[in-house]
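A.B. asks: Here is how the chains run, residue by residue.
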Amino acid sequence: MIVRILGEGQLHVDDSAVRELNELDAKLEATVDRNDESSFRPVLDELLARVRAIGRPVEPGALEPSELILPGEGATMEDVRKLLAGDGLIPG
Amino acid sequence: MSVMKRVSMMFRAKTNKVLDRMEDPRETLDYSYQTQLELLQKVRRGVADVATSRKRVELQMNQLQQSSDKLDRQARDALSVGREDLARDALTRKSGLQSQLSELNTQYTTLQGEEERLTGASQRLQAKVESFRTKKETIKATYTAAEAQTRINEAFTGISEEMGDVGLAIQRAEDKTEQMKARAGALDELMASGAIDDMVSGPRDDIQLELDRMGASHDVDAELARMKGELAQGSAPRQIESGDGAAPGTAAAREARAGEDGQATQAAPPAQPQAGDGT
Chain A
1 MIVRILGEGQ LHVDDSAVRE LNELDAKLEA TVDRNDESSF RPVLDELLAR VRAIGRPVEP
61 GALEPSELIL PGEGATMEDV RKLLAGDGLI PG
Chain B
1 MSVMKRVSMM FRAKTNKVLD RMEDPRETLD YSYQTQLELL QKVRRGVADV ATSRKRVELQ
61 MNQLQQSSDK LDRQARDALS VGREDLARDA LTRKSGLQSQ LSELNTQYTT LQGEEERLTG
121 ASQRLQAKVE SFRTKKETIK ATYTAAEAQT RINEAFTGIS EEMGDVGLAI QRAEDKTEQM
181 KARAGALDEL MASGAIDDMV SGPRDDIQLE LDRMGASHDV DAELARMKGE LAQGSAPRQI
241 ESGDGAAPGT AAAREARAGE DGQATQAAPP AQPQAGDGT
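As given, the protein sequences belong to chains A and B, one line each in that order.
So that you can map any letter, position 57 of the first sequence is 57 in the working numbering, and since no number is skipped, the others follow by simple counting.
So that you can map any letter, position 102 of the second sequence is 102 in the working numbering, and since no number is skipped, the others follow by simple counting.
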């Protein structure tokens, strides 16, 4: 499947990695729910590092949508909230 | 629901909204391509804007660094003439500049990061726009409006996501540069108003004035000493050609003689005077 890291581009990630990524993602979600900014950052970094480690870059001209989209490096919890609220933050 | 799933759904929802508005799918292609070209221009302008901001910060850093170097020199000069109070003054001002400099350095790094990010975004978008253009022509040439629908949706969805991503990157870079511009503007004003100059060197560069004054009085002392020496020899005939005509003349003569003896000049001086004194 294709995963996008915002600000970095798309990566092919093997389907077998889904479970592992979901676990990290659940941890990330929990920090957002708890409003726990200090744990949010390290969990996001861990998730991004994992995706980068197992992913292969998608060829630049590919026009395929991503199955999963991750906030970019340095994103704050506030940024993620805005992304999820979709209140005009995503241009287009 | 998971964060990454939800974010991708938000992107998808946005795309679908645009697709729903389109009546003729092939019209979608041209309209979208137009938007892509506009966004590409926008992101390129964004790269240029960030670069301009970065250069401005760089210029300010250079100016402050020069001022800081000057204060450093002044502190050394002051110390060399025994004015620790002036040296302390100069170093205090220097440390004020240093904290400004380190703040500018942070800004510089941030802008550099944004510039790299945006350049990358621009290149990625460029690649997708190229490939969209090819696909668009193929679709228009090969399929009827009804047949084209699915393919158009695919291509459109793929590029919309990239556009959304690039749009976010531009927004982010704009926010950062706006903040930096405001700060850089404030600093430029401060520099233009002379406030930074005052910080560097006081209202009329008081440290330099003091050092110059001391330097001048040092020169005057030296000249006075020279004149006194000349006057002391006033009765002696003014036959010495070199003009600096004081006692050192004899020392020079002794050195010249040592040279003629063919001895190594380094070895000569310690031996020579003792031998001379002995006889």
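Just so you know, these hints were derived from the structure itself, not from any lab.
Heads up, a few of these hints could be off.
As the list claims (entries may be wrong) - Okay, derived cross-link-like pairs now, DSSO-like style, lysine-lysine, Cα gap no bigger than 27 angstroms in a straight line:
no.: 1; chain 1: B; residue 1: 42; chain 2: B; residue 2: 70
no.: 2; chain 1: A; residue 1: 82; chain 2: B; residue 2: 42
no.: 3; chain 1: B; residue 1: 42; chain 2: B; residue 2: 55
no.: 4; chain 1: B; residue 1: 135; chain 2: B; residue 2: 17
no.: 5; chain 1: B; residue 1: 140; chain 2: B; residue 2: 55
no.: 6; chain 1: B; residue 1: 135; chain 2: B; residue 2: 14
no.: 7; chain 1: B; residue 1: 140; chain 2: B; residue 2: 17
no.: 8; chain 1: B; residue 1: 228; chain 2: B; residue 2: 42
no.: 9; chain 1: B; residue 1: 181; chain 2: B; residue 2: 14
no.: 10; chain 1: B; residue 1: 17; chain 2: A; residue 2: 82
no.: 11; chain 1: A; residue 1: 82; chain 2: B; residue 2: 14
no.: 12; chain 1: A; residue 1: 82; chain 2: B; residue 2: 140
no.: 13; chain 1: A; residue 1: 27; chain 2: B; residue 2: 5
no.: 14; chain 1: B; residue 1: 55; chain 2: B; residue 2: 5
no.: 15; chain 1: B; residue 1: 42; chain 2: B; residue 2: 17
no.: 16; chain 1: A; residue 1: 82; chain 2: B; residue 2: 176
no.: 17; chain 1: B; residue 1: 176; chain 2: B; residue 2: 55
no.: 18; chain 1: B; residue 1: 5; chain 2: A; residue 2: 82
no.: 19; chain 1: A; residue 1: 27; chain 2: A; residue 2: 82
no.: 20; chain 1: B; residue 1: 181; chain 2: B; residue 2: 55
no.: 21; chain 1: B; residue 1: 55; chain 2: B; residue 2: 14
Said to hold, decoys possible - Covered, in the sense of this in silico footprint (three residues per stretch, anywhere, with C-beta under 8 angstroms from a C-beta of chain A), are these stretches of chain B:
no.: 22; region: 123 to 130
no.: 23; region: 150 to 157
What the hints assert, rightly or not - What follows is a set of in silico ranges between Cβ atoms, one per label pair, in the way DEER data are often shown:
no.: 24; chain 1: A; residue 1: 45; chain 2: B; residue 2: 30; range: 39 to 45 angstroms
no.: 25; chain 1: A; residue 1: 46; chain 2: B; residue 2: 140; range: 41 to 47 angstroms
no.: 26; chain 1: B; residue 1: 98; chain 2: A; residue 2: 74; range: 26 to 32 angstroms
no.: 27; chain 1: A; residue 1: 37; chain 2: B; residue 2: 52; range: 29 to 35 angstroms
All of these numbers come straight from a predicted model, not from anything done at the bench.
We put the CB at the ideal spot given by N, CA and C, even for glycine.
A.B. asks: Now look at each hint and say whether the structure bears it out.
C.D. replies: Against the structure, the hints come out as follows:
no.	hint	result
1	42/B x 70/B	violated (42 angstroms)
2	82/A x 42/B	holds (23 angstroms)
3	42/B x 55/B	holds (20 angstroms)
4	135/B x 17/B	holds (22 angstroms)
5	140/B x 55/B	violated (45 angstroms)
6	135/B x 14/B	holds (22 angstroms)
7	140/B x 17/B	holds (22 angstroms)
8	228/B x 42/B	violated (77 angstroms)
9	181/B x 14/B	violated (32 angstroms)
10	17/B x 82/A	holds (19 angstroms)
11	82/A x 14/B	holds (14 angstroms)
12	82/A x 140/B	violated (37 angstroms)
13	27/A x 5/B	holds (14 angstroms)
14	55/B x 5/B	violated (40 angstroms)
15	42/B x 17/B	holds (23 angstroms)
16	82/A x 176/B	holds (18 angstroms)
17	176/B x 55/B	holds (15 angstroms)
18	5/B x 82/A	holds (15 angstroms)
19	27/A x 82/A	holds (19 angstroms)
20	181/B x 55/B	holds (11 angstroms)
21	55/B x 14/B	violated (37 angstroms)
22	123 to 130	holds (count 5)
23	150 to 157	holds (count 3)
24	45/A x 30/B: 39 to 45 angstroms	holds (42 angstroms)
25	46/A x 140/B: 41 to 47 angstroms	holds (45 angstroms)
26	98/B x 74/A: 26 to 32 angstroms	holds (27 angstroms)
27	37/A x 52/B: 29 to 35 angstroms	holds (33 angstroms)
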